[in-house]
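Residue numbers (my numbering), protein chains in the order written: chain A, 1 to 345; chain B, 1 to 487; chain C, 1 to 355; chain D, 1 to 286.
Think of the hints as simulated: they come from the structure by calculation, not from any bench. Because the structure is a prediction, the values reported are computed rather than measured. A hint or two may mislead.
Simulated crosslink set (BS3-like; lysine-lysine; CA at most 25 Å straight-line) [to be verified]:
1) B:Lys399 - B:Lys335
2) B:Lys399 - B:Lys370
3) C:Lys167 - C:Lys151
4) B:Lys317 - B:Lys399
5) A:Lys257 - D:Lys273
6) B:Lys156 - B:Lys184
7) B:Lys214 - B:Lys260
8) B:Lys274 - A:Lys203
9) D:Lys79 - B:Lys315
10) B:Lys184 - B:Lys260
11) B:Lys443 - A:Lys203
12) B:Lys54 - B:Lys188
13) B:Lys214 - B:Lys317
14) D:Lys79 - B:Lys54
15) B:Lys278 - A:Lys203
16) B:Lys156 - B:Lys188
17) B:Lys389 - B:Lys483
Coverage of chain C stretches by chain D, computed from C-beta distances (three or more under 8 Å per stretch; other residues unrestricted) [claimed, not checked]:
18) 64-73
19) 95-103
20) 304-312
For every residue, glycine included, the Cβ atom is placed at its ideal position computed from N, Cα and C.
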Amino acid sequence: MGGSERPPYPPGARRAPGDPGRSSIDAQATCRTNPGRSWIDGVLARLERERVFKWLPFVPVQGLFALLLLPNALLLVYLSFLSWRITRGAWWNAPFTGLDSFLGALGDERFLWAVGRTFGFAAVAVPLELLLGFGLALLCREPFRGRRIYTTVFLLPMMIVPAVVGYDLSMLLIDQGPFNQVLSVLAGRPITVRWLSDYTAAKLAVIGADVWQWTALTFLVFVSGLAGLPRDPIRAARVMGANRWQIFWHVELPLLKPVIAIAVVLRSMEALKIFDYPMLLTQGGPGNSTETIAVYLWRMGWEFARVSDAAAMSLILLVVVSVYIFIAIRVLRRERRRLAEEAAP
Amino acid sequence: MRSASRTVVTVLLSILVLGPVVAAAQAVSGTTADERAINGAKAYLKSKGLTSLKLNMMMPSIFTAGSTGEMANFEKETGIGVNYFEVGILQIQAKAMSEAVAKSGSFDFWIGDPISLPDLVEAGLVRPIDDLVARGKPDLDDVVAGFVEQGRYKGKTYGMFGDGDNWIMVIRKDLINAPGEKQKFKAKYGWEPGCPDTYEQWYQLAEFFTRDPKGTGVPELYGAMGYRARGWGWRWWLQQFYAKGGMPFDDNMKPLIAGKEGVEALKDYIALTKFMPKDILGWATPQAYPFYAGGNAFSIMTYPSIAIAAEHPEKSKIAGKNRYCVVPGYMVNGKLVRRSLQGFGNLLYVSNYSKHPEAAYWLSQYLTSKEVSARLVSGPNSVWDPYMKSHLTDPRVIKARTKEMLEIHLKNAQVTAPMILIQGAVEYNDVLDQHVQEALLGKLTPEDALNRTAAAWEKITNQLGRKAQIDGWKALKPAFPTKNVPD
Amino acid sequence: MAAVRLEGLTKLFASTRAVDAIDLAVPDGEFVVLVGPSGCGKTTTLNMIAGLETPTAGDIWIGEARVTDWEPRDRNLGMVFQSLALFPHLSVFDNIAFPLRIKKVPEADVAARVQAVAETTRIAPLLRKRPATLSGGEAQRVALARTIVVKPAVFLMDEPLSSLDAKLRVEMRTELKRLHAQLSATFIYVTHDQAEAMTMADRIVVMHQGRIHQMGPPLQIYADPANRFVAGFFGVPAMNFLDGEVVAEGSDLRFSAAGLRPKLPAPRTATRGPTTLGVRPEHVRLGDGADASPATVSLIEPLGDETLVFLDYGAPVSLVAKVDAEDKVAVGDRRPFTLRPDRLIFFDSAGGRLR
Amino acid sequence: MMRRRLFGVARHAGLLVWMAITLAPIYWMVMTSFKHSGEWVTWPPRWVPHEPTLINYVKVLTPGTSTFELGRQTLKILKPLWDSLFIATTASLVAVALGSALAYSWTRFGTGGRRYPYNILSIRMVPPIVIAVPFVVYYVTLRLLDTYTGLILVYLATSLPYVIWMMLAFIEEVPVELEHAARVMGASRFRVLGRIVLPLTAAGLVVTFLFVFILNWSELLLAMTLTNTEVSTIPITLNKFQSANEGRDYGPQAAIGTIATLPVVVLGFLIQKHLVRGFSFGLLRK
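Build out the structure end to end from the sequences listed, making use of the hints.
Put into structure tokens, the structure is as follows:
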């Protein structure tokens, strides 16, 4: 106690009298009155005020978005209204053609197929991942011998570079390869499916790659979700005479809703971008059977040099995706709000 | 504008008219093209006040091993070395396009196929090299007729041709000569087995030599091999289509592929596939060569570099057992028409955005000189295929490829047709590729596939501007061979 | 040492007035308790004094200094939190040493000072433990030790005893009082427990809906509440409130409600009309008298030394009386009662005190 | 009792099947990396190399140009390995630092409004191919094409949404009173971050770092678009040799795959028990 413990700033040094509400620390003045503090402390003290401090991380982040993503978005929109190919001079000289690129894109069967195909992949892969992940998580729910080993192994695929997965599977899936060998043993007759060059099988291979790798993630999410289930409602239901199935259906599943929401949003968000597996496994072939949006746009932009068309398609895609984004975000918001309400007594 | 004679005339004219003034002052000394390249490079370095220089080169990753030695030699001689930037062979186009946008100069020159030339020239990426050709006098006159045209577009030279990728047919003479086989074959098909003259004959050979004694559906020996994978398969169809006498477009750029020739060629193309390994739909050179060299197939239609794999003393199980054939054809109006395709063919392009385009050019000239190209072509790991007349007589090349193969190869060159080298080629080809594969997979009927391709081609042509495309197509037409069969 | 003064202190959250223009002066060394139901703004007020919340308007003075805009660390305060806020990743020793190290006290002194404080708060054997392994009382003392160790001029306490069980809580009250006496620092203590407020405070500040309703010494607050809210908040069981009206009966004034008409002390000048009468249970007497009203016993709650008797006198709400345990009362007994006239308090319909 | 045991057996059966499915491809890759070229493709396939060899690793890791089995391909793996490591680490570190600071600011002060994290998440949902072409145009003007900085910035932007969402869950768990206590005791806001928030969310930071590191370490499309000669990453390198119609130099590629996988898997094991909380997106009960 005593003088040494007193606030280091004499009253008035930080704020001019009669100047309510606004800060006006003068770093120089601070220096003079407090020789113990360097100018760095002065700056830090200034940054520390809540109205400054809380914006500190926003400056670089928003700056990054504003400088990196915004100009690109604007450029994308601008390009889509032109008729520019890389083979037609500089983009700023390209003729303005209004909605032509958009109309062209909507009339491009291949594009529409690619969109449909990509959503189709997601529609098959994501539910599969959810079901598998959920099933495995349920099996690993209570403690038993070997549980740690299982969970450890199940998380492995997530940690592997998708390009490596694509490469690895391309080795396993050749027609005289290990995968067909295993199938043959199981089936008791020779199986020679051309996983990489058959029209339908190649689609399955791409979906399979996604499922193999990302079931790990849904498994992880569900394991944590199940571990976090509150015990009392379940106990209450048991006391009330509910059987295992009823508890699962009426108590646990509703409580797991937010977790399911995360898994769905996380996975479908990434599944719509699918690029690596078709690129590495099949190059979009055979035919165009595994050509996803990303692969087609890659070709459109970089091989066919049709940048304006690619830009228009990108924007159409964005509109489609934003419907999904809108729904996903509403779900997330609702679940978070609900949880906050439940948490408050 | 694309015939060899026209080129020679153009070059001669430019030398005659402008030459005495410009070239005399700048011509590079040296008796051979590689010497001139070295001298030119040295002079260039000197003029820039440099003692050494590293050029960035983009190349398909498959190409480095065969070429690095010669680049090291060039660096030893001149001080100009190369950093390689390897890209998947099918992504070269994308990377080049991206550089056309970027204009970054991040690579000085690159190896690419002729298909992308028109687009890349239009995109402003490729530097015309006529001025440097005039000064360096590369061995263009030794390049097989027609090939040199592949590096030219709208009257200017853009790339040094370096890889004679017209196809060759290889069959297994040991299997034909096996006891009893000839007789059995003749009894069945009525002709002495050997190099097929027509695709029908190839089909018969393939059928006969496909050996599946246990009936497992996985033969011990496959009758035929070609390429059927996405990105490649269309080229093999195109060759068959040309042999049918087909042309992709008429003079107004109306697609002609969906006609009788196209459909028949496609049916034959599909029929032949059943004698090929099942996974052929995903294979390219790195899969096909070892498979063939492993003695697993009777015949293959592919790049001439197959000889290196097939005759490799250690890695090949069938060295010395191969017979090289002039490509088969079709009977058109009672006459046999054979067509080989310049199915890839690499060019050395110099970038417009290079800081040292001249240095890059000198290295290109060095690599495509008679002497150095012979070394490249005969190298143990080479994927460069013979493309100069002098290769035929070079003992090193003969040793690596066999005399028989070289003679056949240059015969094939006489009936070699170009791919569709006009603006938008990549897109035309991709659409064709897609539909050919869908027909192959039974997703579309051959007629349907080709009709759809034709419709898509019309769309592309309209987008690019019909007039410009007609001009491009007309300029390409002279590059098609006039002979039906080689001499 | 420092006095604390709040001038027109206001805090808005969105549009709700959490704290509404409070004026308060806490003299140096006083033990002040802010008390009120949850959501009354007392914690927000404390946080503003600590500098953890920025006031929307008004000023805070500590000692001579106007600290409204100061960072908490510059205010020379000690604060004990409801959750105790022990740092789970630090040992007890490091928890106590934390403020010293922040203030760059030399490490040798740190050890000595921590040891000394640990002795006085009787936690010396716990110094190596982690907070998670401590019992409630131990954690409580660690939190105190951590606050005391820097000898702040002002102690802020935000319901520090709420996590303890009933017995420990009573013990700790005494301990805190002793601590206050020892340190002779200013204590500002926030609680919703009126018993804590009554037992510990030099002065109580009653808050409700962001405003101060009354301040004063505990007994004064109890005996002379400023309004119906304060009256109802203090005392267990709560004060009886009877709705009725003041009527004139001859020269007398009487309070009339249900079956009950007690006479009011003579010098009342209050206006007639609807009024609420407040009377604490200990001021309700059983037994006949001049002014007695009839009633039936509906419920009894023995407390040990005393007994609560619920009287049904005809109104919807029973009247509670606190009687000596000796007095035998049974449910159903008819027991008339009287109200101590000098202890009757009157409120208007808005809850304001009528004097 | 009988039913219980039956369930136990069935459970193990189910789990073992998936374990086999999970491990087989990884096993195959690792085994192939120890095989001579003659054993890469055989019928029947060889699940165990008959003559294990390290030659593939030697080839892949030898600096400079190494010649592959087919005698055609050369590959410098060390440079991409280093580039990947540098780019992924830097981008992930900065993203974790900025993103968690932002998550902190949002959690504590509501900075940016209630919808901010959701808005940021929508950035992640946009397929990167959509902006690939304008990105090149734009990066050229900024001279960021084919630079470390360029790729790091892109990865930073694309991993921030994940960082923010994962860190929200961890930061919300730190009682705000701890921070108040520290501040009253004299700590500045920065010190509170360093001494209280950071240690208490350390596990979360590590998990988050690992996850975005995996994403950045694996990213292919943008890397392919935005690099040329100067910068190269592991996925690009693999793609060079894998684009379906290109090389099948199985052995060396398996070695690259194994090398690319190993560090991440080891890291993953170390922080496995913290992984669970990281993916709750703040939607799990405590």
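Comparing the hints with the structure gives:
no., hint, in the structure
1, B:Lys399 - B:Lys335, "violated (36 Å)"
2, B:Lys399 - B:Lys370, "holds (17 Å)"
3, C:Lys167 - C:Lys151, "violated (28 Å)"
4, B:Lys317 - B:Lys399, "holds (18 Å)"
5, A:Lys257 - D:Lys273, "holds (23 Å)"
6, B:Lys156 - B:Lys184, "violated (55 Å)"
7, B:Lys214 - B:Lys260, "violated (38 Å)"
8, B:Lys274 - A:Lys203, "holds (22 Å)"
9, D:Lys79 - B:Lys315, "violated (31 Å)"
10, B:Lys184 - B:Lys260, "violated (34 Å)"
11, B:Lys443 - A:Lys203, "holds (14 Å)"
12, B:Lys54 - B:Lys188, "violated (62 Å)"
13, B:Lys214 - B:Lys317, "holds (23 Å)"
14, D:Lys79 - B:Lys54, "holds (17 Å)"
15, B:Lys278 - A:Lys203, "holds (17 Å)"
16, B:Lys156 - B:Lys188, "violated (54 Å)"
17, B:Lys389 - B:Lys483, "holds (18 Å)"
18, 64-73, "holds (count 3)"
19, 95-103, "holds (count 4)"
20, 304-312, "violated (count 0)"
Consistency note: the structure conflicts with the earlier hints numbered 1, 3, 6, 7, 9, 10, 12, 16 and 20.
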